[in-house]
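So the sequence shown is numbered by my numbering: it starts at 525 and just counts up by one.
Misleading hints may appear alongside valid ones.
Below, a list of computed lysine-lysine pairs in the DSS-like style, where the Cα atoms sit at most 30 Å apart [unchecked claim]:
id: 1; residue 1: Lys-721; residue 2: Lys-644
id: 2; residue 1: Lys-884; residue 2: Lys-861
id: 3; residue 1: Lys-633; residue 2: Lys-644
id: 4; residue 1: Lys-676; residue 2: Lys-644
id: 5; residue 1: Lys-633; residue 2: Lys-723
id: 6; residue 1: Lys-884; residue 2: Lys-592
id: 7; residue 1: Lys-659; residue 2: Lys-721
id: 8; residue 1: Lys-884; residue 2: Lys-605
id: 9; residue 1: Lys-842; residue 2: Lys-633
id: 10; residue 1: Lys-723; residue 2: Lys-903
id: 11; residue 1: Lys-644; residue 2: Lys-659
id: 12; residue 1: Lys-903; residue 2: Lys-875
id: 13; residue 1: Lys-835; residue 2: Lys-644
id: 14; residue 1: Lys-676; residue 2: Lys-721
id: 15; residue 1: Lys-903; residue 2: Lys-659
id: 16; residue 1: Lys-659; residue 2: Lys-884
id: 17; residue 1: Lys-835; residue 2: Lys-659
id: 18; residue 1: Lys-861; residue 2: Lys-842
id: 19; residue 1: Lys-721; residue 2: Lys-633
id: 20; residue 1: Lys-644; residue 2: Lys-723
Honestly, the hints are just simulated from the structure, not real lab data.
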Amino acid sequence: MSVDPAPAKVIQPLDVDYDAIRSRHPHRMVHGMEARLIRWRQQAINVWTAVLAYRTPSGIRAVMEQLKTHRALASGGRRVKKLVNVAGRSHWRLFIPANTSPLHVPFLKGELNRLVPHEKDGHELAVVFLSVTKKCPLKCEHCFEWDNLNQKEVIGPEDINRMIENLQSMGATNIAFTGGEPMLRVREMAESIRRYKSKSQFWILTSGFNFTAANAAELRSAGAHGVVVSIDHFDPLAHDQFRGTRGSFRDAITAVKHALDQGFLTAISTCVTRENANREYIDAFMDMAQSLGVGFVQWIEPKPVGHYAMKDVLLKPKHQAVLEEALLDYTYADAFKSHPLVIYHEYYQRKLGCFAAGNKMVYVDTDGDLLSCPFCHRKGGSLLSDDFRQSLENLRSAGCSEYAPVIG
525 MSVDPAPAKV IQPLDVDYDA IRSRHPHRMV HGMEARLIRW RQQAINVWTA VLAYRTPSGI
585 RAVMEQLKTH RALASGGRRV KKLVNVAGRS HWRLFIPANT SPLHVPFLKG ELNRLVPHEK
645 DGHELAVVFL SVTKKCPLKC EHCFEWDNLN QKEVIGPEDI NRMIENLQSM GATNIAFTGG
705 EPMLRVREMA ESIRRYKSKS QFWILTSGFN FTAANAAELR SAGAHGVVVS IDHFDPLAHD
765 QFRGTRGSFR DAITAVKHAL DQGFLTAIST CVTRENANRE YIDAFMDMAQ SLGVGFVQWI
825 EPKPVGHYAM KDVLLKPKHQ AVLEEALLDY TYADAFKSHP LVIYHEYYQR KLGCFAAGNK
885 MVYVDTDGDL LSCPFCHRKG GSLLSDDFRQ SLENLRSAGC SEYAPVIG
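All chains, full assembly: derive it from the sequences and hints.
Here it is, written out as structure tokens:
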């Protein structure tokens with residue numbers, strides 16, 4: 525299958541019919557009795573997994589109590605009323621393998637192990653963000669890799685493979701390629717995915733640049749699982765301004781179309797600034813996401829790192845309150861049952877503690893170094909070194925400077 529080379533420069537007209545750029549294969553939101561039946565089946569899988577993992581009534585009871593505590597803290601005990609159906613696979617959360625996946629039960633055991641330990645070696649990491657290039661044609665306002673952008677590459681194809689092998693030795697369920705713009709290394713990603721797809725789900729985190737129909741098909745054929753496209757405004761001009769690149773909005777929504785057409789689990793990620801942390805904007809953005817056909821929208825709060833370093837960009841409590849209220853509406857309210865599910869990490873981390881710093885998630889930068897997360901640039905050591913496990917332990921020991929240690 526052919527792969528489209530990255531164009532040197534993309535300048536696209538803004539007088540286009542953006543509403544016409546839609547996939548004929550949108551994700552289906554499931555709710556009502558159908559969702560309840562699927563949830564009951566999932567609960568049975570959860571209980572049976574706990575039985576297999578702990579085997580004693582006391583162990584099973586202990587982990588079930590922990591799960592109950594987490595649910596109470598995060599949502600007041602309420603259960604999600606809807607889910608995303610992709611080609612018969614059901615998803616409540618972006619990085620949780622569907623219950624039809626061979627990775628589902630190992631993932632669940634890893635999650636239970638964080639609450640009440642039952643095994644020494646298992647799926648230690650739920651998701652790893654793996655930067656594979658310093659190159660990017662965009663100039664995004666919030667870029668956390670700004671200081672490294674378009675510098676000389678350090679990581680080669682064999683380095684990528686070695687890092688994946690090291691991550692899989694620690695049971696990394698999800699590996700998400702990022703950068704820079706990872707679509708500048710389509711061939712390398714496709715080759716790595718073909719080689720290692722049996723032990724991890726692979727994701728592409730992209731601005732939409734170079735995510736052509738041919739490249740989408742190549743990555744899907746290789747075995748990639750999901751695509752997360754960054755879109756930072758429902759208005760094309762505002763998005764392009766935020767991204768510092770004319771035509772980037774068209775690239776982004778076209779990438780969503782190609783991803784859906786190929787059957788990827790597809791999500792939108794958006795940075796919600798103070799200016800946009802209001803209900804009118806949030807509702808308009810979610811309407812756009814619904815029209816594009818995605819099943820998930822990830823909200824990210826701006827952080828003073830990278831291009832935002834030394835800038836007053838953190839959301840105030842009043843902005844967070846708006847987002848938290850909207851999150852609960854889009855998760856539980858019947859009025860929004862057909863809209864995408866929202867992923868809002870900061871909300872849950874304020875409730876439950878930090879999921880990163882080597883706990884559930886870790887970030888690997890464009891030099892191959894392990895960092896707590898994309899927004900915390902304290903390095904624990906190199907993933908390419910022989911003592912990479914110690915590097916991960918260094919991050920865990922240091923913990924997170926922003927959020928409390930994870931509860932559990």
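Structure-based check of all given hints:
1. The straight-line distance between the Cα atoms of Lys-721 and Lys-644 is roughly 24 Å, inside the 30 Å bound, and the hint therefore holds.
2. With a C-alpha separation of about 29 Å, the suggested pair Lys-884 and Lys-861 falls inside the 30 Å cut-off, and the hint holds.
3. Proximity of Lys-633 to Lys-644 is assessed by CA-CA distance (about 11 Å); at most 30 Å being required, the pair is judged to hold.
4. Distance hint between Lys-676 and Lys-644 is unfulfilled; the C-alpha atoms sit about 39 Å from each other, more than 30 Å.
5. As the CA atoms of Lys-633 and Lys-723 are separated by approximately 15 Å, the hinted pair is consistent with the 30 Å bound.
6. Between Lys-884 and Lys-592, the direct Cα distance comes to roughly 19 Å. Compliance with the 30 Å bound is thereby established for this hinted pair.
7. At roughly 25 Å between alpha-carbon atoms, Lys-659 and Lys-721 fall within 30 Å of each other, so this suggested pair holds.
8. For the given pair, Lys-884 sits about 25 Å from Lys-605 by alpha-carbon distance, which is consistent with the 30 Å threshold.
9. Restraint check for Lys-842 and Lys-633: not satisfied, since their Cα atoms lie roughly 38 Å apart, outside the 30 Å limit.
10. With a CA separation close to 26 Å, the supplied pair Lys-723 and Lys-903 stays within the 30 Å bound.
11. Taking the CA atoms of Lys-644 and Lys-659, the gap is about 39 Å. The hint is violated against a cut of 30 Å.
12. Straight-line distance between C-alpha atoms of Lys-903 and Lys-875 comes to about 26 Å, which keeps the hinted pair within the 30 Å bound.
13. Taken as a hint, the Lys-835 and Lys-644 pair is broken in the structure, with Cα atoms around 43 Å apart against an allowance of 30 Å.
14. Of the supplied pair hints, the one linking Lys-676 and Lys-721 holds, its CA atoms being roughly 29 Å apart against a limit of 30 Å.
15. Proposed proximity of Lys-903 and Lys-659 is supported: the alpha carbons are some 21 Å apart, at most 30 Å.
16. For a cut-off of 30 Å, the pair hint linking Lys-659 to Lys-884 stands: about 27 Å separates their Cα positions.
17. A hinted pair counts as satisfied when its Cα atoms are at most 30 Å apart, and Lys-835 with Lys-659 qualifies at roughly 24 Å.
18. Taking the CA atoms of Lys-861 and Lys-842, the gap is about 26 Å. The hint holds against a cut of 30 Å.
19. With a C-alpha separation of about 20 Å, the suggested pair Lys-721 and Lys-633 falls inside the 30 Å cut-off, and the hint holds.
20. Restraint check for Lys-644 and Lys-723: the C-alpha separation of about 18 Å stays at or below 30 Å, so the hint holds.
Violation of the numbered hints given earlier is confined to hints 4, 9, 11, 13; the remaining hints are satisfied by the structure.
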